[in-house]
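Asks: If you read the protein sequences in the order shown, they are chains A and B. If you count the first sequence from 1, position 178 lands on 178 in the numbering used here, and the numbers rise without skipping. If you count the second sequence from 1, position 152 lands on 495 in the numbering used here, and the numbers rise without skipping.
For the record, the hints were derived by calculation from the structure and aren't laboratory data. As the structure is a computational prediction, the values presented were derived from the model and not from experiment. Just so you know, not all the hints are guaranteed correct.
Said to hold, decoys possible - If the Cβ cut is set under 7 Å, some of the chain B residues that face chain A in the computed set are:
(1) Ala474
(2) Ile507
(3) Gln510
(4) Glu513
(5) Ser514
(6) Ala516
(7) Leu517
(8) Ala520
(9) Trp526
(10) Ile529
(11) Pro532
(12) Val533
Here a beta-carbon is modelled for each residue, glycine too, at the ideal position from N, C-alpha and C.
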Amino acid sequence: MSYVQIDRLSKRFKETTVLNQVSLSIEKGELITLLGPSGCGKSTLLRCIAGLTEVEDGGKIVVGDTNITQLAPKAREVGMVFQSYALFPNMNVYGNICFGLKMKGVKKEEYKERVERIIDLVDLRGRENSYPHQLSGGQQQRVALARSLVVEPKILLLDEPLSALDAKIRKSLQTEIRRIQQELSITTVFVTHDQEEALTVSDRIFVMDHGNIVQIGTPKEIYAHPASEFVARFIGNYNVLKRAEMVQLVGEIVMAGDAFAIRPEVISLVPRGNEASAQSKNGWSVESVVRSMTLKGNVIRYEVETNHQKMQVDVLNTSDNHWIRVGTPVFMRIPAEECIPLQ
Amino acid sequence: MLSLLPFAFLVLCFELLPLLVMVLESFRGDGGVGWGLEQYTKALTSKYYLQGLSNSFFISLCASAVGIVVALFAAYSITRFSQRMRDFLLMLSNMTSNFSGVPLAFAYIIILGSNGLFTLLFKQLGWTTLASIDLFSWFGLVCVYVYFQIPLAILLLYPTYYGIHQQWRESAALLGASTVQFWRYIGLPVILPGVVGTFSILFANAMGAYATAYALVGGNYNLIAIRIGSLVAGDVAARPELAGALAVILAITMVTAMLINEWMMRRVRRELG
Numbered sequence: 001m002s003y004v005q006i007d008r009l010s011k012r013f014k015e016t017t018v019l020n021q022v023s024l025s026i027e028k029g030e031l032i033t034l035l036g037p038s039g040c041g042k043s044t045l046l047r048c049i050a051g052l053t054e055v056e057d058g059g060k061i062v063v064g065d066t067n068i069t070q071l072a073p074k075a076r077e078v079g080m081v082f083q084s085y086a087l088f089p090n091m092n093v094y095g096n097i098c099f100g101l102k103m104k105g106v107k108k109e110e111y112k113e114r115v116e117r118i119i120d121l122v123d124l125r126g127r128e129n130s131y132p133h134q135l136s137g138g139q140q141q142r143v144a145l146a147r148s149l150v151v152e153p154k155i156l157l158l159d160e161p162l163s164a165l166d167a168k169i170r171k172s173l174q175t176e177i178r179r180i181q182q183e184l185s186i187t188t189v190f191v192t193h194d195q196e197e198a199l200t201v202s203d204r205i206f207v208m209d210h211g212n213i214v215q216i217g218t219p220k221e222i223y224a225h226p227a228s229e230f231v232a233r234f235i236g237n238y239n240v241l242k243r244a245e246m247v248q249l250v251g252e253i254v255m256a257g258d259a260f261a262i263r264p265e266v267i268s269l270v271p272r273g274n275e276a277s278a279q280s281k282n283g284w285s286v287e288s289v290v291r292s293m294t295l296k297g298n299v300i301r302y303e304v305e306t307n308h309q310k311m312q313v314d315v316l317n318t319s320d321n322h323w324i325r326v327g328t329p330v331f332m333r334i335p336a337e338e339c340i341p342l343q
Numbered sequence: 344m345l346s347l348l349p350f351a352f353l354v355l356c357f358e359l360l361p362l363l364v365m366v367l368e369s370f371r372g373d374g375g376v377g378w379g380l381e382q383y384t385k386a387l388t389s390k391y392y393l394q395g396l397s398n399s400f401f402i403s404l405c406a407s408a409v410g411i412v413v414a415l416f417a418a419y420s421i422t423r424f425s426q427r428m429r430d431f432l433l434m435l436s437n438m439t440s441n442f443s444g445v446p447l448a449f450a451y452i453i454i455l456g457s458n459g460l461f462t463l464l465f466k467q468l469g470w471t472t473l474a475s476i477d478l479f480s481w482f483g484l485v486c487v488y489v490y491f492q493i494p495l496a497i498l499l500l501y502p503t504y505y506g507i508h509q510q511w512r513e514s515a516a517l518l519g520a521s522t523v524q525f526w527r528y529i530g531l532p533v534i535l536p537g538v539v540g541t542f543s544i545l546f547a548n549a550m551g552a553y554a555t556a557y558a559l560v561g562g563n564y565n566l567i568a569i570r571i572g573s574l575v576a577g578d579v580a581a582r583p584e585l586a587g588a589l590a591v592i593l594a595i596t597m598v599t600a601m602l603i604n605e606w607m608m609r610r611v612r613r614e615l616g
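Chain A extracted, bound-state conformation (with noise of 0.2 Å):
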């Protein structure tokens, strides 16, 4: 039996239904995201977990053997941690980090190496005395990371804990967030709307849209083999292509998919006058314009027209790489493998 459960749990606020009977399980020390767009009900799922928003009858949400659906927050034994870091800003770091164990009647001698152990953990160590005021947004999510762990939860509850960071903190810190999750090996629910982030720290992907769970897998699965429309476009930047559209650019199919997904980054451009090499054993050679070019970074993304389609490829930016100029002819050759069909 998995280590959290949760069976049917639906939730509506006024007409809006906000959670649609999602079930789901977690198994002991695992990491999995709830990943989604805004409004899909990914943070309403982890604040009734929480305890903080009520769920209708007939849910259940059972963590080890004791059934929690109908407890107070505060004896569920869950810890979470907010977008906002919700720091106490009258307490200082240690305060804030002792508050949870001192409200549970931990004596100071007994919760001292505790706390002590937990900012060496979190990185803070020099910060004890600083107040939320004084400290960077990265440095207050990891005292508010360590508020939570230090009462040593059931499970660890993440609500976008990475959102109001800049792009270089919020890389570093999910990393941090991984090597932690993985050293107390404690269960944790993570969520988020940032599919990349998503990718680099869960075990497992719960994808989410309009209250109902619509795909679980490895970020591997998920990503390599998204199973609908919504998924594939969420989850990177796929090409998605109707049936009837997929025929109008690469001609007859036999595959089967009422649709089909194809990511930009196994699309090459070879530029016309390449003919032989364009020629593809198995897949497609479609004649088409370049249309634009953004430089990404790491890679290079042409968007590229055929037949009315505009299609994105990813080409890696290497120094040996020359650029195609917008308005160049070229064949986009798709190999056939590629292209995941999609319910």
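With the hints as your guide, set chain B onto chain A.
Replies: Just chain B now, with coordinates in the frame of chain A:
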């Protein structure tokens, strides 16, 4: 810059100049003869004026204390109402905080005066303790002051509650704190500077209140604001120099209260920023 001239002229003629004259007058001898600290010596050694100062001080302290305690709960309650109700209650507070002076004294007299509506009703019901309330006393003055202090305190405290984030409560609850523990360890310490700041404004407001007190007790109760008024009006003999010294002492008390408020509010803004 030129557009500021009328404003500068107004401030200079109607605010700074009278203040300057008052301060200068306070250093003149009786009848405007000579310069010195004679008026301050009189003001700070005369039992009569010291009693006025102490009466004003304690009435202001009590009225502000009652006002702040009631407003603490009332302002919090208002934050829990719907937007429409909140707007209505804030409008009501705004209106009642400005209802002072002679109309307020009159309202209280017809309700709780010697032949007031409620006084007569209490007599009829045989509630002698309530019927014997003396509105024209220290207690009566505190009651009337409290009337305009509460709404003012509500208006000043109300935004402070919005400084308390919902996620602090949620975090505290998840960490095992009860509602009482949340207010004890987080809520009250966070709003405390705002409360102290509001209290200092209430205190200054009460210290300077003249019209309400004068309309209610006339010269029968020794308050510093009434003493200054009578020394300027010269019911017996006009002594503007002594009035000036008393006014400067009153102003110093109020400025000190305002400075405490400013210091506290800066702390609140820094901590919540």
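Asks: Hints the structure violates: just list their numbers, smallest first.
Replies: Numbers 1, 2, 9, in rising order.
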